[in-house]
Amino acid sequence: MSEPLSPVLDERFRTAAAAEGLLDVAYDVLPDTPIGALLVGVTDHGLCRISFDPDPERELEELAQLFGSRVLRSSRPLDRVRLELDEYFAGRRRRFEVEPDVRTLPAYNRRVLAELARVEYGHTTTYGTLAAQSGNPRAARAVGTVMHRNPVPIVLPCHRVVGANGKLTGYAGGLDRKEQLLRLEGAIL
Amino acid sequence: MATPVPPFETFYEAHRAEVFRLLGRRLGRQQAEDAFQETFLRALRAYPRLEHGEHLRAWVLTIASRIVLDDVRKRRPHDELPDLPVEDGLPAYEELAPLTEGLSPNQRAAVVLRYGYDLGYDEIGDALGSTGAAARQAASAGVRRMRSHAGAGPESFAPRFRSTEDGGPAPDDTKEQR
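First to last, the sequence lines map onto chains S and X. Heads up, the first sequence is in our numbering, so the first residue is 30 and it goes up one at a time. Heads up, the second sequence is in our numbering, so the first residue is 965 and it goes up one at a time.
The shape of chain X in the complex, shown without the other chains (with noise of 0.2 Å):
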């Protein structure tokens, strides 16, 4: 049986000083803490429509990186989006997004939070209820995958939501959990 979603309390506790973390690193303080506050009340909308409480670090670390990239677009609305958060000369996440189109939702999480988010494999293992060799391995198996495919459409990666109202992520995303 899938892991039942924890009441917002359980869940926000556990994940709320790594997005202010990631926030810091992406934004100025001032910004950090408007983003922090738009991340969780972002997840708190969508929150009734998870049905299961897999992979939410990677879920509520998606948010704030789109709330990241809305700011930044905000800010420099001239710019074009690529030379956006690119971090260390990683691909920042939206640009993975693309291109993990035709990736399980297990590869598609392990490629972004590899090489969107620079989290280590154990990280990326513990985020995603695995282990840092099978993270790795996922991670790998992603990468090929996307070698052998060109990009498709802009559909990224997140849990499996009930309706995609909202702009929620592709129903199809299901069959390959497990």
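Okay, chain S solo, but in the shape it has when bound (with noise of 0.2 Å):
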């Protein structure tokens, strides 16, 4: 007797809720980025989050624990964000105009991640180099971990960061996307 719940009618509650401003963070999977699925999220002050390979239960968990246990997909709220992923991928956007949120890291994370931010398309820096201009260029050990908890990848643009003798190194999403990024990039061939 009862119809069960329509697809419409539940995406039309996620929307409401988002433009009702009464989510913590507001996320959604990008399915099939050519770097693999990719889980973004967004909150009042910007991005918050992009994730490779995600674990949604975990992900919301973390999520949850860090800005608000109000955590609920919704698509709209990321809109900006997936058009400017498109363009990047597609090769069509070296910049992006999305401002992460980083409130939740330690003060000497954010200072590194506002180095790396100044790091352009196309280019690569040391991790020696990135902790001189982060205050302490004997911390290269120290900015290898805050590139690894970079909670915004490819919007900071941890990939673009290498060994002294131009080896890739490191990446939290493995080597392979890094080198896929910055072939894309075309900073290496």
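Any given hint might turn out to be false.
To be verified - In silico contact screen, one side only, chain X against chain S (beta carbon under 8 Å); selected entries:
{"hint": "1", "residue": "Phe984"}
{"hint": "2", "residue": "Glu997"}
{"hint": "3", "residue": "Gly1089"}
In case anyone wonders, no lab produced these hints; they're calculated from the structure. For every residue, glycine included, the Cβ atom is placed at its ideal position computed from N, Cα and C.
Take the two lone chains, each set in its own frame, and fit them into one complex as the hints suggest.
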């Protein structure tokens, strides 16, 4: 007798929840970017999460811990980021306009990420250089850790950071993806 | 330690189908759709004040029931309340609320879900994070206690909140929780 909940009604609620400003984090999964599925999250302050190979259950717990329990999948608030990422992957965007939301990070991480944000499309830098720019030339290893915990890879371009010898070294999303992004940008052949 | 409040997405996915069924039974299709959205928007507004993740199913069914009641009131403003949603001769949730005043939260939840929502004991056990047998026991203890008391104020069942603004439930609901 009673009909099941329709996808239209489900989406309508998700859209209304975001439109009324009731969400701590709105997220969505972009299922097929050139580097695989990405989970993308935004807060009122900006882009708070890009995850490779997302395991939604764990991600949601983590986002709820950091930003508040009202975490809901809602695609509308992600429109802008989705568009910018599409353009980036199509080679039509060299700079992101969405603001990263790095409020929850320690001050040192924020400082390093602010330096990272200045590394331009198609260029690379080294962990040591970034360490020096962030105030301590000997902190290359610490910079590596900050890169590894970058909450918004791609947009904050930790793929542009390589070892002193030019080796790609490491990437939270795997070296293949790092190489793919650098190749897309023409930083390597 | 109490169950932590889950991310809203998890809560919503767990309960949306049942809430929609409940609303569909009580209201027409169109009203059920509006009430569905309103139920979860209200839940979302109250969500940051939840202190733990227990009894969330009972909580959201309570919100949905209040919305049904508001909706029926709006459409039939001159009717008296008691002949509102009564199914199969069972008393509706709202009629039970004032009667369950003196009960412990578990007894109150069990009574309301059994006689207000007509849920089976196993379902109630699930909702309360216990067993069907425990739910049956809580409901019958609750009914016995209701028989020995007269009805009190219109306070209703819901999980514990940090504050009582927005008409949240009584703060000393906490003392009998395990």
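message: Less than 8 Å between beta-carbons is the criterion; does X:Phe984 satisfy it with respect to chain S?
response: Since the shortest Cβ distance to chain S is 4 Å, the answer is holds.
task: Closer than 8 Å between Cβ atoms is the bar; does X:Glu997 clear it against chain S? Give me holds or violated.
output: Since chain S brings a Cβ to about 6 Å from X:Glu997, closer than 8 Å, the hint holds.
message: Just to be careful: measuring from the Cβ of X:Gly1089 to every Cβ in chain S, is the smallest value less than 8 Å?
response: violated, 23 Å
Hint compliance for this structure: hint 3 alone is broken.
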